[in-house]
Amino acid sequence: MHQKIQFEVSYESKLMSTTATIPFSDVRVGMRARVASYTKDQPELRRLAEMGLTEGTEFEVVKVAPLGDPIEISLRGYRLCLRRKEADGLLIVVIS
Amino acid sequence: MPKLESPTGAQIARVALVGNPNAGKTTVFNALTGSFQKVGNYPGVTVEKVEGAFTQGGKRYHLIDVPGLYSLDVVSEDEQVARDVLAGTGTQESKPDLLICVMDGNNLERNLFLFSQLAELGLPIVCAMTMTDVAKDKGVEIDDAHLSRLLGVPVIRIVGHKGEGVAQLKDAVSHALLERPTASAIRTKLLSDLRDSFARAGYDYSTEQLESEVAHRPEKLLSDAEPFPEIQDLLTRIRSNQIEPRDRYKWAESITQEVVRVSEAHRIKRRSDALDRIVTHRVFGLAIFVAVMYVMFQSIYTLAAPIMDWIEGGFAALSTWVGPMVESNEILASFLTDGLITGVGSVVVFLPQILILFFFISVLEGSGYLARAAFLMDRSLGWCGLNGRAFIPLLSSFACAIPGIMAARVMPDQRSRLATILVAPLMSCSARLPVYLLLIGAFIEPRFGPAWAGFTLFAMHFMGLIVAIPVVLILNRRVIKGKRLPFVLEMPPYQWPKWKDVALTLLNRAKVFLKIAGTIILFMSMVVWALLYFPRSDADEVAYRSAYASLSEDVKQSISEENFILERQTENSYLGRFGKFIEPVFVPAGFDWRISTGILAAFPAREVVVPTLGIIFTVGSDADEESESLRSQLVSAKWPDGRPLMTPWTAIGLMAFFALCAQCMATLATVRRETGSWKWPLFMFTYMTALAYVAAVAIHQLSRLF
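Read top to bottom, the protein sequences are chains A and B. Here the first sequence is numbered in numbering that gives the first Met the number 0, starting from 0 and rising by one per residue. Here the second sequence is numbered in numbering that gives the first Met the number 0, starting from 0 and rising by one per residue.
Only chain B is shown next, with the shape it has when bound in the complex:
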């Protein structure tokens, strides 16, 4: 983590980096700060806060990366956050001392629109001009010096991946803090228009005079303007600072006309267009999309698998290494190996998948393909309130909801981002697979054959997707507040991804994720371990041993003493007692205390249900989804009155429960991290658990009617 405070305690300057989305803001940020970055959240909102620091001339600067935005008018959450940061309101922090406005040289008019709004904040501004190489390819030449004169602020060219201009930018920042150049933008133009209008009407005012009279004593101006409606209108607009987008664009046009030279090369069709004819073609485009997605998810599975095995192996080795060292203390040994190391290990194991997914996302985003894919997919996701960019988070969630939820940051507007995050865990992730395989192998395949087994597996994966549709519709209508903005998608020209930016993205994602694993997950693992371990006493163990000794030889044949004691200890644990306590709640779904305890134990991580059922059904904790003994125990288990515990329908109900329930603390912790509050993970947990319960009960009750 970078040190954001000055070591000497001297006042450090706060600099805010502002710009349009896609303007190359991240590249400028990375070029200025290197890896000195800290990723966090703005309090209470889903918007991510990235901060960094750099030094120039022995002085330290604190750099705040303001979310990319098109306008400063508050409509979306991003814009609210940006306004708060720039005005020093809403947060505890003070106003920044200076703004760096990132301007896409390839798209000057629209970037000047935002500049004109920033100029009205009264802070010193330095412009960082990016994408001039792309502009040059299009035959667009920009006269920086002239632009700098017209805007009244320094304009520095940055070629990010070459690091050109970074030193000059730092230098300009340090000078601007002393000289405080004020940008002359719309207001100046309107004031000079007013001066000209007054001059035509025979009044001689200078702009400075007008400026001060408008602010302090407008009475004389108003009476002078009385007979001229045109001047009155101008005066009212200046007084109320009511500047319409068209005023800003008129000003932007007048600036670009002066500083931009377009050569003949511009008439030649863009290379991007030629590529786009294929990439967004109705047949080839969709084929390319499917191929890209296939490569991406295939890589997540195949490339991540060996690394995940190493991590799992590493944590297992750590367990066996630590275990003997604390052998004398049984509780400590169990706590360290079963609780701590297993708990954290089971989450860290997702890191490779996350990094591979984010590698693809940053390459696709940086190259411009993500915008094309969103263009292709928007219709199929837009009708239920999401948009084209939601396909990556949702598809990734079929592997694991954690990277999926983190990937939702590709969505520029916070409303649809939140909706995507909230339904992502409904996609059937790979951790649900063991549960499906265990139950299908026990109840469906032996009785109905492999075709129905396959169909059930498919249905379980499809169910989450189908359920997600009404959930999104309801979320968008009733739950998620805020205005719905029209979907605007910019199609940037194709570019080579910037590898330094890709690397820094991966580094930041890894830091964020490991921080979750090291804090929330660590804590939850300890709690769950304790619930399953305590109370435990030597006296109880002696009692269990004698109970085992008095069993018939037949039973002893099928159950080992170790498994018998483990089952009794689990049954007697706080979690086991709680499972018995809430059995009545699950009876309508056809589950007894054993299944209930399995479900409870699976709330931290759903895959834990298999070994837990192994313990409760006395086949030991090393049972996996292929375990024949666990399967036959499940099939032969009975209610106290002798009815079979589970029918194929109860099994389907249980699978549906697992398909819909939010049984993953790492997901909830990630949602907390991404949305900045516990409100949304709590909401997610509640609605998913309710859905799961209703589905399991409905399936069981309906099956009894036939």
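Okay, chain A solo, but in the shape it has when bound:
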């Protein structure tokens, strides 16, 4: 129990800090974020990089679908929708 609270505190502080990374599945609407790295070197994740989510790319979370998934983001002047779980290998840094 005690441990869990500790975890949540550190998670919130991660959100605050500008250098700590969070997985893509934790994004919220309205966030601006930057792609930090890919956790897994899966060929499947290469598709996300090909779509423009390369390291250092900034994006904005535009909308979450009514049923919770997929997530619409805006990057490189266009709109892309991704599923939370499938983009989980993507680590991001929250800008604002």
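Keep in mind the hints are simulated off the structure, nothing from the lab. Take the hints with a grain of salt, since some may be wrong.
What the hints assert, rightly or not - Per the computed footprint, the stretches of chain B lying under chain A, defined by three or more beta-carbons under 8 Å from a beta-carbon of chain A, are: (1) 63-72; (2) 107-118; (3) 400-411.
Please read these numbers as outputs of a predicted model, since none were measured by experiment. All C-beta atoms, glycine included, are put in the ideal place defined by N, C-alpha and C.
Given chain A, put chain B in place with the hints provided.
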């Protein structure tokens, strides 16, 4: 069909049209070729091949529409096909002579990513820039001339629906074939980076020198680079051509920074966003979705119905017109009217539904709504391995699986497209309705009342949907090969659909469908007709007549001579004999040879079971699902030992059989057309028939326990 060969036999240039999905590739293709298009399949794969032709300066060009793709790295089937077409491998055809790269001016960075890969193929390239009007609305201005200088290839603006730029594009293509401009992209940039790095290290190389030394004798370069890890790394990447997506995007960013000017208008929220707040809203969005789907399917039913009646009437008139002309030859008359005309007519009748559905699909796709609907629906379909776009094919299949399967082309990835195609026929189509109505009217409604009758009808429609879920899960885990890619859905800005593109889509779909009806269906109709007609002889007919004459007056009252003879002829036909032969197979499901023959006769088209049962139960071939005499014959039919042939449970088993079985040759032929091989229709036929059989047997056996 367009003539793709040059009439003089001279060498014609092969041009491949490549671009991102949603980049306006179809519009450019249509603008270049008009209606000179041929739709086919790449051999052995589900990917559709569209080809066309155009002329410029007296020379003929063969245009190949390469499937829309984001990247040339081979991960999906589409990308494999695209690579094969561009490299001239895998197919019998040679490399194209030139590429037209369609670039969405509204989305330049990501489109340049693909361009950078195309540039490495070493083919001359011409860029066709689309959507510049949309970009302008967003306050984005592009300096084409500068872009053309930076890329080293011509850049032509195309405004599709106005036909602007098409002549210039054709002109650029003909010039590019002579001048062969080579695109300078990443490699050139990496080479100039290498030159700069070497210069900093005190070595003076030109990029041309580097290029040739890297290719032919890299030893000196390698030893020069020895002390500098940074140069070594660059050199290795250039040598192995190992270019990462981030290198390509860095290059794309550097290009866009130079050629794109964004005015203040860009700061104003997009109009699309305002619309999206409503269209993808959690309440209004879902309401709009339901309304759009309702209008679409209501139109398919109500608008198609009168046209379908005309077509049916037309074929019936054709039958009555042809019949008397060949009256002297009974076999030929039966072949033409019952076999050929009825068989082909029963398939052509679906054309209006297909065209209406594709009208809606191309309008929804062209306007950008389809992407929004997929966004809304993805969660509800994604968990079992499909995705948001599957709702149109699956919903349409409740009307008819043929347009549903054709509609599966809205799914951009081949894995989920195939999964959708394979489960689409499990949705209970309108041709199953007569079977349900006949049996519910005979066994359920009289005994259990209208409430249970309604419930049974609902359960039959729901069953396919429920069964489809585990089927998709198993298909995705065990049957369909290939990598699963993350689902990426692009949200294009809203646009007015381009009516010329809509019209050409309808034309192509109609051609494809009529070709199926005119080939495979025609052949199957002849086979099935022959199985039901032969063997037949005058001697047999005489015997049947005397058998009828010796019947008691009571029986004669209830059965006409004509129906009696028809029943005997059918019983004696190859199909009837086969029905008797496989009766033991169907006995565990509680079906005798009569039901078995009905089931067999229904394999080409399930709705045929009603008239066939009419013949076998001696009420004549014009019996329909409302026929009281057929219903009472079914209820009073007995096994040889006197037990009633059918109980309500056997009837439910029979309905379940029809709900799950792949009894529709037009569907199988469409699957063959859409997947490019007989493998998938065979697989579909096998698994659905097995499911149907198991369900019917299970229902009958369970009912005997209670």
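How the hints compare with the structure:
1. 63-72: holds (count 3)
2. 107-118: holds (count 4)
3. 400-411: Since three or more residues must qualify, the claim that chain A covers the stretch 400-411 of chain B is violated, with 0 doing so at under 8 Å.
Consistency note: the structure conflicts with earlier hint 3 alone.
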